[in-house]
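Chains as they are written, first to last, in numbering that gives the first Met the number 0: chain A, 0 to 149; chain B, 0 to 117.
Since the hints were derived computationally from the structure, they do not count as laboratory data.
As the structure is a prediction and not an experimental result, all values here were calculated from the model.
Careful, some of the hints might be misleading.
[Said to hold, decoys possible] One side only, chain B facing chain A, incomplete, derived with CB under 8 Å: (1) A16; (2) Q19; (3) T21; (4) A27; (5) N28; (6) T91; (7) V92; (8) Y94.
[To be verified] Cβ-Cβ distance ranges computed for the label pairs, FRET-style: (9) B/R116 - A/K17: 26 to 34 Å; (10) A/M116 - B/R67: 27 to 35 Å; (11) A/R44 - B/A96: 42 to 50 Å; (12) B/Q65 - A/K25: 32 to 40 Å.
[Stated by the list, open to error] Result set (DSS-like, lysine-lysine): computed pairs, CA atoms no more than 25 Å apart in a straight line: (13) A/K137 - A/K17; (14) A/K25 - B/K35; (15) A/K25 - A/K45; (16) A/K17 - A/K45; (17) A/K45 - B/K35.
Beta carbons: idealized from backbone N, C-alpha and C, even for Gly.
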Amino acid sequence: MRIFAGMATSASALSAEKLRIDIVAKNVANMNTTRTPEGGPYQRRKVVFSELVEGAARNRFVSLPSRGVGRGVGRGVMASQVVVDDTPPRLVHDPSHPDANAEGFVAMPEINLVNEMVDLITATRAYETNVQVLNASKSMKLRALEIGRG
Amino acid sequence: MTVNINELLHRSLDVAALRQRTIANNVANANTPGFKRSFVSFEEHVQGAMARRSLTARDLQPRLQQDRSTSMREDGNNVSVEHEMVLMAANTVQYQALAQQLSSRLSLLRYVINDGRR
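Could you build the full structure based on these sequences and the hints that come with them?
Here it is in structure tokens:
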């Protein structure tokens with residue numbers, strides 16, 4: 000139903016920002032991981048957002064008709080891809096580490112905590128903002144229900 | 000052509016709802032690289048048409064426009080979340096005012112239908 004379109008737009012952003020937070024959690028949790036199923040140290044993941052437009056993959060929160068007033072308004076955002084950051088690993092000298100090479104260097108994931116925290120904070124703020132927009136949409140819809148009453 | 004006030008209120012409510020959707024979409028895409036904000040223009044057209052005393056049904060169509068001229072960030076995104084939140088607050092108040100106006104017109108009608116009895 001179209002009346003929920005604004006809310007679905009905000010919901011898509013909430014889930015996209017949540018994924019960004021999850022990915023930050025994954026990166027931070029794995030900042031010292033030297034073994035992965037693919038072999039080698041963990042590599043930083045990054046989320047790529049793209050706009051959901053008319054005719055693109057549909058918003059999974061609600062299916063929207065593409066006719067009438069409101070045609071052409073975007074449908075929100077989606078996390079289109081999680082990319083692997085292939086920056087070479089950081090070499091740390093630690094001969095006692097089981098994954099150390101012949102020279103005693105261990106390949107550690109190149110994860111900058113500051114970058115991750117900045118990402119975390121922007122994602123959290125964006126999430127909060129979208130919650131506010133969602134609440135405003137909701138209060139408008141509730142107000143519309145009161146038209147003609149009393 | 001004259002436009003019925005109820006019709007005008009109804010259209011304005013639709014426009015406010017559309018504007019809310021547009022703002023929701025702008026905020027949702029505040030972190031999407033290359034995204035450009037959209038906005039709805041309506042009141043200025045109605046005002047212009049009323050000044051010319053030639054309000055037609057065509058002036059009551061909201062126009063969706065995209066601002067491609069600016070960039071807030073290096074990635075080409077031009078959404079200012081602060082600006083959008085201010086617009087959203089104004090839009091919510093406007094929606095409530097319109098809904099109230101429509102409600103009171105309807106209750107006036109009901110009063111007449113009931114022959115002046117409550």
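**Asked** Of the hints stated earlier, which fail here?
**Response** Going through the list in order, the structure violates hints 7, 9, 14 and respects the others.
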